[in-house]
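There are 2 protein chains.
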Amino acid sequence: MRVGEFELIDKIRRRVKNSDELRLGIGDDCSSIAVPLDHELVTSTDLLLEGVHFRLDWTDLFSLGMKSIAVNISDLAAMGARPLSVHLAVGLPLNFSDQQVDQFLDGIFAGLDRYNVVLAGGDTCKSSDHLVISITVQGLCHKDRLIKRDGAKVGNDLWVSGTLGDSGLALRFLQQKQGLTEFLDQRHHRPEARIELGSSLGGLSLATAMLDLSDGIDGDLRHLLKASEVGARIELERLPLSHEFRTELQKDAALFELVLCGGEDYELLFTAEPDKRSRIESLSADMNISLQRIGEIIAEPALHYCEATGLNYQLQSGAFDHFSSTRDRSCE
Amino acid sequence: MRVGEFELIDKIRRRVKNSDELRLGIGDDCSSIAVPLDHELVTSTDLLLEGVHFRLDWTDLFSLGMKSIAVNISDLAAMGARPLSVHLAVGLPLNFSDQQVDQFLDGIFAGLDRYNVVLAGGDTCKSSDHLVISITVQGLCHKDRLIKRDGAKVGNDLWVSGTLGDSGLALRFLQQKQGLTEFLDQRHHRPEARIELGSSLGGLSLATAMLDLSDGIDGDLRHLLKASEVGARIELERLPLSHEFRTELQKDAALFELVLCGGEDYELLFTAEPDKRSRIESLSADMNISLQRIGEIIAEPALHYCEATGLNYQLQSGAFDHFSSTRDRSCE
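Which chain is which? The protein sequence lines are U and B, in order. Going by the numbering used here, 102 is the number at position 17 of the first sequence; the sequence numbering is gapless. Going by the numbering used here, 218 is the number at position 133 of the second sequence; the sequence numbering is gapless.
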């Protein structure tokens, strides 16, 4: 890598856009944000490590840059917040070429543009071996419109956006050295953060609790249930699956576990009062985003998976864990 | 490492304190902050990589945890802001023992307590080899009290807190496999962020521009000069040196470069109107922090080092660069 730290920062600065709320951006010790009246500032941080969260032989650097932004913005979507700014800290491997740095930055800026966020600051250094990416996103939300995890009530419907398991299926194929269709490649390497949906669900007060699915329903939903001190019953035949996933499932029924534990769906899982069903269905049609009612919140603090037969389904594997996941094991 | 991700997060959550402004902390998709009227929210991110920024054979994990917090909080000090919250993202090596994780976390929490900040969120994962630490700090500042880098005016005095070069000298000794005195060990491994000083300089409107010295005056001051579109003349004999540094300097005059380029001083460098001298000296006495006037801001956009002889001093090495610094080279 020929460019030095300050040249790289200058290179990045030249591409940075402005924002009304961002009073101070790259170039000072800190960025500074003026938060509008009655709004709160929401923040989330993610760390993405080569060999743990991604492999450079499985993804191109442009997609990796875009995905790094999207998966962080997804946390803002899960609060119903409007994304505002990103701080990017990156450790670039010594053997990276200037072209590789550019490809990664092009992906980062494509992600920033997609979600209309500004790069407000960050940190760059070399890394002795692996690529290290740390992204902090900040967004704004009216203080009364924030959708937390602790608002689910007994009798609420449980909803999910999009389809589940596609990203997990793509990962399985990559592990087995199988090629990916365009659809699965997009679902795994170019996930979309459901930011407009999250913001609408918050703005219209339709959701009582919400999170984004990064580790799979089985792991993530348990956090929401614990926070809300409730349980849930999920009707398995209602879980939304893509045509491609269904086709593979017919060949291997065991793939179903990926729907519950595959991880990296980045879909929104939310709860809502039953009297909001028609408004949610209208929103789904208006936004052209599939929203599926998959179960309900119950008082018993447990998570039941109900089959069409009326029996309870038992998961074979455990919940996704970033310390010992199938994803991690595949990268060692 | 025996504990899983969720156990580790639970372990961390049990130690977390509250804050009035932090409306939502660990446990949701994002944290949320209510910013007081007429205040702005300031943010800074740092990435600390094992083998680049620190070596585990040179530091204990408790000190590393404390230092990780302090060097980030130092960026808030440089704005005159009050620290509020920290987001911690950490990639823990697979071979770390539970005891090592605890030592590091003890240091993190000691740092949080020292600066009265709350852990508002973060991300944990395993790292295939090296320890990776990314910290994002957030603070609050009255919108009219923020001290930026672009406010230096021709004729302003240039001031610096504490003493310079001690941390660089400690690093030099570590590279040469020499032991450290308690003083140098503290200066290198347990730096203090000058948060009360920064906040007073802002609150009393004493400083016109400010930054914290992380890369050495020669590198950092140039950013301030560029932002303010001015130059500076520094009187070298005015640069504040510790007794220990002076003693070593008498043995080896070449060590003087560490005063200008050693890095990691985490002292505050600021400019002020000459009519503020007595108030700054009073503040220095009140806070028991040495504040030294080291030069002045000039119109010519250059940085001059003036010796007592009246001649200009020429640096032999260049400015500190996180991509190719002596510090970095020492870690390869």
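In short, the hints are calculated from the structure, not lab data. Please note: incorrect hints may appear among the correct ones.
[Stated by the list, open to error] Listed below are the simulated EDC-like cross-link pairs for lysine to aspartate or glutamate, each with C-alpha atoms no more than 20 angstroms apart in a straight line: (1) K311(B) <-> D95(U); (2) K228(B) <-> D123(B); (3) K361(U) <-> E281(U); (4) K228(U) <-> D123(U); (5) K102(U) <-> E92(U); (6) K238(U) <-> E320(U); (7) K238(B) <-> E385(B); (8) K311(U) <-> E90(B); (9) K102(B) <-> E92(B); (10) K311(B) <-> E92(U); (11) K228(B) <-> D183(B); (12) K311(U) <-> E92(B); (13) K361(U) <-> E381(U); (14) K228(B) <-> D198(U); (15) K228(U) <-> D105(B); (16) K228(B) <-> D123(U); (17) K361(U) <-> D371(U); (18) K262(B) <-> E333(B); (19) K228(U) <-> D123(B); (20) K238(B) <-> D360(B); (21) K311(U) <-> D95(B); (22) K96(B) <-> D183(B).
[Claimed, not checked] If you anchor each label on the Cβ, the simulated ranges turn out as follows: (23) D198(B) <-> R331(U): 51 to 57 angstroms; (24) N180(U) <-> L122(B): 46 to 52 angstroms; (25) H227(B) <-> S290(U): 32 to 38 angstroms; (26) S104(U) <-> A195(B): 33 to 39 angstroms; (27) D198(B) <-> G395(U): 50 to 56 angstroms; (28) R100(U) <-> D123(B): 29 to 35 angstroms; (29) R100(U) <-> C391(B): 34 to 40 angstroms; (30) H328(B) <-> N180(U): 16 to 22 angstroms.
[As the list claims (entries may be wrong)] Residues from chain U that keep clear of chain B, each with C-beta distances beyond 10 angstroms, as calculated: (31) L161; (32) E322; (33) F341.
Remember, predicted model here, so these are calculated numbers, not experimental data. From the three backbone atoms N, C-alpha and C, an ideal C-beta is built for every residue, glycine too.
Between K228(B) and D123(B), does the CA-CA distance stay at or below 20 angstroms?
6 angstroms, holds
Taking C-beta pairs only, is F341(U) more than 10 angstroms away from all of chain B?
24 angstroms, holds
Restraint status (C-alpha distance of K228(U) to D123(U) at most 20 angstroms):
Holds, at about 6 angstroms.
K262(B) and E333(B): Cα distance at most 20 angstroms?
16 angstroms, holds
What's the verdict on K361(U) and D371(U), does the C-alpha distance respect the 20 angstroms limit or exceed it?
15 angstroms, holds
Would the pair K102(B) and E92(B) pass a check requiring their Cα atoms to be no farther apart than 20 angstroms?
Roughly 18 angstroms separates the two Cα atoms, so the pair holds.
With d taken as the least Cβ-Cβ distance between L161(U) and chain B, does d exceed 10 angstroms?
6 angstroms, violated
Using the C-beta atoms of R100(U) and C391(B), is the stated range 34 to 40 angstroms upheld?
39 angstroms, holds
Hint consistency between K238(U) and E320(U) [alpha-carbon to alpha-carbon, up to 20 angstroms]
18 angstroms, holds
Restraint check for K228(U) with D123(B), where alpha carbons must lie at most 20 angstroms apart
17 angstroms, holds
At 10 angstroms, judged by beta carbons, does E322(U) keep clear of chain B as stated?
28 angstroms, holds
Taken at face value, is the distance from the CA of D123(U) to the CA of K228(B) at most 20 angstroms?
17 angstroms, holds
When the structure is compared with the earlier hints, violations turn up for hints 11, 14, 30 and 31 and for no others.
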